[in-house]
Amino acid sequence: MLVVLAPLVAAPAIVLIGRARAAWHLALAAVVASFAAACAIAWKVSREGAIDYALGGWEAPWGIAYHVDFLGALVLLTVTGIAVAVVTYARPSVEREIPESRRYYFYGCLMLCLAGLLGMTITGDVFNLFVFLEISSLSSYALIGMGRDRRALNAAFQYLVMGTIGASFILIGIGFMYMMTGTLNMADLAVRLPEVADTRTIRAGFAFLTVGIGLKVALFPLHLWLPNVYAYAPSVVSAFLGATATKVAVYALLRIMLGIFGVEFSLGEMPLHALLVGLGSLGVVSASLVAVFERNVKRMLAYSSVAQVGYMVLGIGLANTDGVTASILHIFNHALMKGALFLALGAVMYRIGSVHIRDLAGLGRRMPLTAAAILVAGLSLIGVPGTVGFVSKWYLVLGALESGLWPLAALVLFGSILALIYIWRLVEVVWFERPAADAPAIDEAPLQMLAPILVLAFANLYFGINTDLTAGLAQRAAEALLEVNR
Amino acid sequence: MLALLVVTVIAAVRSTDLFAAAILFGIYSFLTAILFMDLDAVDVAFTEAAVGAGVSTVLLLSTLRLTGRYEQRHKHSPALPLVVVGLTGAALVYGMTDAPDFGDPEAPAHTHVAKRYIEDGPRETGVPNMVTGVLASYRGYDTLGEVFVVFTAGLAVMMLLGTRVRGGRSSGREAIGDLLVLRVVGKVLIAFVMLFGLYVQFHGDYGAGGGFQAGVIFATALIVYDLVFGEADARRVMPHIWTERLIAIGILIYLGVGVAGMLLGGPFLDYSKLATDPVKGEHLGILLVEFGIGVAVFGAVMSIFNAFSGLRLPSEGGRDDV
Amino acid sequence: MYDYLVSVFLMMGALYVVIAHGNLVKKVIGLGMFSTAVFILYITIGKVEGGTAPILEEGVTVYSNPLPHVLILTAIVVGVATTAVGLSLAVRIKAAYGTVEEDEITEMNLQAEEAGQDGTEDES
Numbered sequence: 001m002l003v004v005l006a007p008l009v010a011a012p013a014i015v016l017i018g019r020a021r022a023a024w025h026l027a028l029a030a031v032v033a034s035f036a037a038a039c040a041i042a043w044k045v046s047r048e049g050a051i052d053y054a055l056g057g058w059e060a061p062w063g064i065a066y067h068v069d070f071l072g073a074l075v076l077l078t079v080t081g082i083a084v085a086v087v088t089y090a091r092p093s094v095e096r097e098i099p100e101s102r103r104y105y106f107y108g109c110l111m112l113c114l115a116g117l118l119g120m121t122i123t124g125d126v127f128n129l130f131v132f133l134e135i136s137s138l139s140s141y142a143l144i145g146m147g148r149d150r151r152a153l154n155a156a157f158q159y160l161v162m163g164t165i166g167a168s169f170i171l172i173g174i175g176f177m178y179m180m181t182g183t184l185n186m187a188d189l190a191v192r193l194p195e196v197a198d199t200r201t202i203r204a205g206f207a208f209l210t211v212g213i214g215l216k217v218a219l220f221p222l223h224l225w226l227p228n229v230y231a232y233a234p235s236v237v238s239a240f241l242g243a244t245a246t247k248v249a250v251y252a253l254l255r256i257m258l259g260i261f262g263v264e265f266s267l268g269e270m271p272l273h274a275l276l277v278g279l280g281s282l283g284v285v286s287a288s289l290v291a292v293f294e295r296n297v298k299r300m301l302a303y304s305s306v307a308q309v310g311y312m313v314l315g316i317g318l319a320n321t322d323g324v325t326a327s328i329l330h331i332f333n334h335a336l337m338k339g340a341l342f343l344a345l346g347a348v349m350y351r352i353g354s355v356h357i358r359d360l361a362g363l364g365r366r367m368p369l370t371a372a373a374i375l376v377a378g379l380s381l382i383g384v385p386g387t388v389g390f391v392s393k394w395y396l397v398l399g400a401l402e403s404g405l406w407p408l409a410a411l412v413l414f415g416s417i418l419a420l421i422y423i424w425r426l427v428e429v430v431w432f433e434r435p436a437a438d439a440p441a442i443d444e445a446p447l448q449m450l451a452p453i454l455v456l457a458f459a460n461l462y463f464g465i466n467t468d469l470t471a472g473l474a475q476r477a478a479e480a481l482l483e484v485n486r
Numbered sequence: 001m002l003a004l005l006v007v008t009v010i011a012a013v014r015s016t017d018l019f020a021a022a023i024l025f026g027i028y029s030f031l032t033a034i035l036f037m038d039l040d041a042v043d044v045a046f047t048e049a050a051v052g053a054g055v056s057t058v059l060l061l062s063t064l065r066l067t068g069r070y071e072q073r074h075k076h077s078p079a080l081p082l083v084v085v086g087l088t089g090a091a092l093v094y095g096m097t098d099a100p101d102f103g104d105p106e107a108p109a110h111t112h113v114a115k116r117y118i119e120d121g122p123r124e125t126g127v128p129n130m131v132t133g134v135l136a137s138y139r140g141y142d143t144l145g146e147v148f149v150v151f152t153a154g155l156a157v158m159m160l161l162g163t164r165v166r167g168g169r170s171s172g173r174e175a176i177g178d179l180l181v182l183r184v185v186g187k188v189l190i191a192f193v194m195l196f197g198l199y200v201q202f203h204g205d206y207g208a209g210g211g212f213q214a215g216v217i218f219a220t221a222l223i224v225y226d227l228v229f230g231e232a233d234a235r236r237v238m239p240h241i242w243t244e245r246l247i248a249i250g251i252l253i254y255l256g257v258g259v260a261g262m263l264l265g266g267p268f269l270d271y272s273k274l275a276t277d278p279v280k281g282e283h284l285g286i287l288l289v290e291f292g293i294g295v296a297v298f299g300a301v302m303s304i305f306n307a308f309s310g311l312r313l314p315s316e317g318g319r320d321d322v
Numbered sequence: 001m002y003d004y005l006v007s008v009f010l011m012m013g014a015l016y017v018v019i020a021h022g023n024l025v026k027k028v029i030g031l032g033m034f035s036t037a038v039f040i041l042y043i044t045i046g047k048v049e050g051g052t053a054p055i056l057e058e059g060v061t062v063y064s065n066p067l068p069h070v071l072i073l074t075a076i077v078v079g080v081a082t083t084a085v086g087l088s089l090a091v092r093i094k095a096a097y098g099t100v101e102e103d104e105i106t107e108m109n110l111q112a113e114e115a116g117q118d119g120t121e122d123e124s
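Residue numbers (my numbering), protein chains in the order written: chain A, 1 to 486; chain Y, 1 to 322; chain R, 1 to 124.
These are computed hints drawn from the structure, not numbers from a lab. Incorrect hints may have been included.
Said to hold, decoys possible - Ranges between beta-carbon positions, derived for each pair: (1) A:S46 <-> R:T61: 42 to 52 Å; (2) A:L224 <-> R:G50: 40 to 50 Å; (3) A:R21 <-> Y:A11: 47 to 57 Å; (4) Y:K115 <-> A:P194: 15 to 25 Å; (5) A:E483 <-> Y:E119: 31 to 41 Å; (6) A:L224 <-> R:Q111: 18 to 28 Å.
Here a beta-carbon is modelled for each residue, glycine too, at the ideal position from N, C-alpha and C.
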């Protein structure tokens with residue numbers, strides 16, 4: 001309960017106090033409390049199985065209930081963990097990028113965005129999912145619009161239009177499901193849907209939900225809003241959204257496709273199997289190719305995110321334990337990689353004021369620790385053994401081979417080569433080029449920013465070698481998801 | 001009714017005059033509200049009229065002051081949008097061919113969860129208006145989320161537009177002239193509007209209405225004051241910093257009620273623990289929560305309106321001829 | 001049944017406005033109309049033949065379904081919140097670009113990219 005309540009209480013409290021410094025302290029306290037609560041939940045789930053909590057004391061189909069299983073616990077941990085890193089890091093960066101009179105609004109919106117994402121994760125009710133989706137979306141539109149470049153405004157507006165269409169599609173889908181079943185509770189829907197699954201209404205509802213969530217996931221070709229959003233948003237926002245937002249949307253996709261409709265309907269009867277695999281592959285290849293030619297590093301990473309989403313969707317489409325495990329694992333792992341990378345770029349922005357590749361020359365000599373973090377997270381993004389990126393790709397390849405789809409395994413390899421090219425380009429500039437002669441002397445970013453970057457970079461290595469915890473949890477989550485409907 | 005709606009949409013698609021489009025949007029919302037009345041959704045009709053036809057249209061008009069009245073003719077071929085729209089429409093119609101008949105009382109939508117709300121709702125919550133009962137109690141957590149949506153919008157708008165009063169127009173006298181009649185009528189009108197707001201706020205458990213509608217109505221009263229007596233005077237009545245604090249206070253009331261339920265040994269938002277008799281507790285909880293909603297919505301609408309109207313003054317080359 | 005079909009038509013018309021029109025304010029209007037059309041769909045689901053408004057009354061036994069009403073009350077608020085945020089972004093865009101036409105904005109962005117600006121300079 002506390003996991004969502006902490007940021008929910010913090011947001012109005014921040015506004016009531018109305019001071020930037022106090023706002024940051026409150027936000028930090030809230031995310032730490034939330035993270036602690038997420039740890040407690042994960043502990044409980046791993047011992048006793050899924051948790052249900054009826055809000056308002058009304059039992060499930062009548063009232064709204066929380067439902068947290070292995071998967072939910074893992075996502076909660078990921079999101080709150082990233083939030084702790086981002087908020088710790090935020091103060092110097094926000095002081096540089098956001099005007100003072102608006103800073104406490106900024107922290108307030110950040111808390112709301114976090115609360116929205118957590119609320120989506122924890123809920124067991126489809127309409128409630130929509131409500132919290134909108135809380136996180138509305139606050140993220142505004143947060144993105146606070147970027148210093150005017151293109152941030154345009155990116156935020158485009159995202160608003162696409163996001164609202166997506167949300168309306170989700171609403172239509174929910175309406176169709178309600179029409180045929182009379183319920184909004186996820187568990188109840190899973191029970192009642194098979195009876196009416198063979199109707200056009202349910203099929204259409206399923207299609208609307210898929211497209212609507214696909215927009216939020218940035219599933220190729222519905223990803224057009226994403227690159228500019230990540231490129232022009234304030235550093236803190238890029239890091240937070242880049243590491244969490246699309247992941248929670250992928251989680252929602254998993255919950256709805258596998259948790260409610262069930263494997264047989266989603267991936268058997270509907271052509272989603274082919275669709276997810278096809279679009280996932282296209283996303284991996286095309287976005288990686290664009291990333292190779294991108295010169296703004298933030299946008300390069302944004303395209304890489306579209307590609308990574310492709311991997312996740314691919315894993316779901318495979319519909320076997322290893323494939324789904326890979327997807328779930330990648331939710332967690334990708335948050336670590338992109339969190340580290342975007343935070344590191346935020347530090348670069350803080351010191352240099354630019355993230356264009358030509359301005360990063362010789363960064364390895366000027367900010368060695370930040371540059372080292374970029375190197376580690378970059379290697380992880382490629383999927384070098386010993387990093388987390390390798391673990392999820394390994395499971396994905398296993399899943400592909402299990403389904404007899406060896407071309408897909410080749411595709412994963414090809415995607416990794418493309419990632420190698422664009423990451424190498426970055427590493428080469430950062431480590432092997434000399435800084436421009438007129439470059440001003442600079443130091444590392446303040447410790448407050450540096451520490452979260454290094455912690456996340458280290459986590460990339462730690463969880464890459466020590467896979468029991470994450471892979472184990474992901475595998476159990478995948479088995480639970482696939483088993484429900486067998 | 002339905003035909004009118006169709007005509008309105010077609011007109012809105014074709015119009016390049018955005019002022020007209022904004023007004024058409026207001027009409028469209030209003031027609032929808034009437035349609036909702038017809039379909040027995042009185043609470044929804046009330047809200048749609050106040051929010052859709054009222055607040056949205058006012059916001060649209062204040063935006064147009066800043067962004068210009070006419071849109072350009074676009075040069076793109078409409079083929080792609082038409083394909084997307086066509087596909088969407090086809091999917092919708094496809095889905096509806098298997099839907100239960102209109103108004104069928106045996107449809108699954110009415111026989112499962114909703115049945116309890118109708119049969120037991122008033123008894124279990126102590127509130128005769130089932131919509132209020134479901135809204136504030138059975139699905140109280142959704143409504144909490146909804147108040148947070150309002151809060152988010154308020155914060156987002158204030159963060160994007162800023163909250164300073166720009167320019168120095170001190171009172172409304174120059175704005176609409178010193179018309180005695182208008183001022184007197186304004187004062188009387190405001191008194192009635194506020195009285196009506198109070199009625200809606202505290203009568204929502206018996207009739208149509210509740211915190212959302214009341215908050216909007218109260219805000220309207222203050223906006224009328226703003227228009228008649230000028231911004232500076234209105235802000236003396238309700239300084240900006242207080243409108244945003246009111247949102248926070250309203251939300252904290254709601255959260256407080258929820259946490260109180262927890263402290264008394266129930267789950268979050270369990271009102272039945274608030275009094276010795278569970279039904280009384282439910283009723284009390286609903287009233288308190290609705291009050292919190294009213295305060296928060298009032299604050300949010302005021303904040304958003306102030307943020308938009310604060311920008312109106314400097315005429316940064318964006319002020320066309322509205 | 002006509003209600004359903006009309007709401008479909010309204011959604012299509014509104015969606016067309018959102019996608020095909022280049023003016024940002026018009027897009028926001030379209031989004032508002034789109035979501036309102038979805039509300040009509042829901043409220044139509046909630047109607048029960050011969051029912052009345054779901055407020056307890058002596059002697060009435062058939063009520064329309066209150067649940068869709070509750071959901072749509074929430075959705076209306078979400079809709080107006082989106083409108084407010086969308087419009088404030090449009091206002092900021094007007095201040096930053098001097099226009100709210102998508103074509104012109106895209107062109108300015110392209111020029112900025114060709115000039116090699118990487119999105120880090122302050123907006124004036």
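Do the hints match the structure? See the list:
| no. | hint | in the structure |
| --- | --- | --- |
| 1 | A:S46 <-> R:T61: 42 to 52 Å | holds (50 Å) |
| 2 | A:L224 <-> R:G50: 40 to 50 Å | holds (48 Å) |
| 3 | A:R21 <-> Y:A11: 47 to 57 Å | holds (52 Å) |
| 4 | Y:K115 <-> A:P194: 15 to 25 Å | holds (21 Å) |
| 5 | A:E483 <-> Y:E119: 31 to 41 Å | holds (37 Å) |
| 6 | A:L224 <-> R:Q111: 18 to 28 Å | holds (20 Å) |
In terms of the numbered hints stated before, the structure departs from none.
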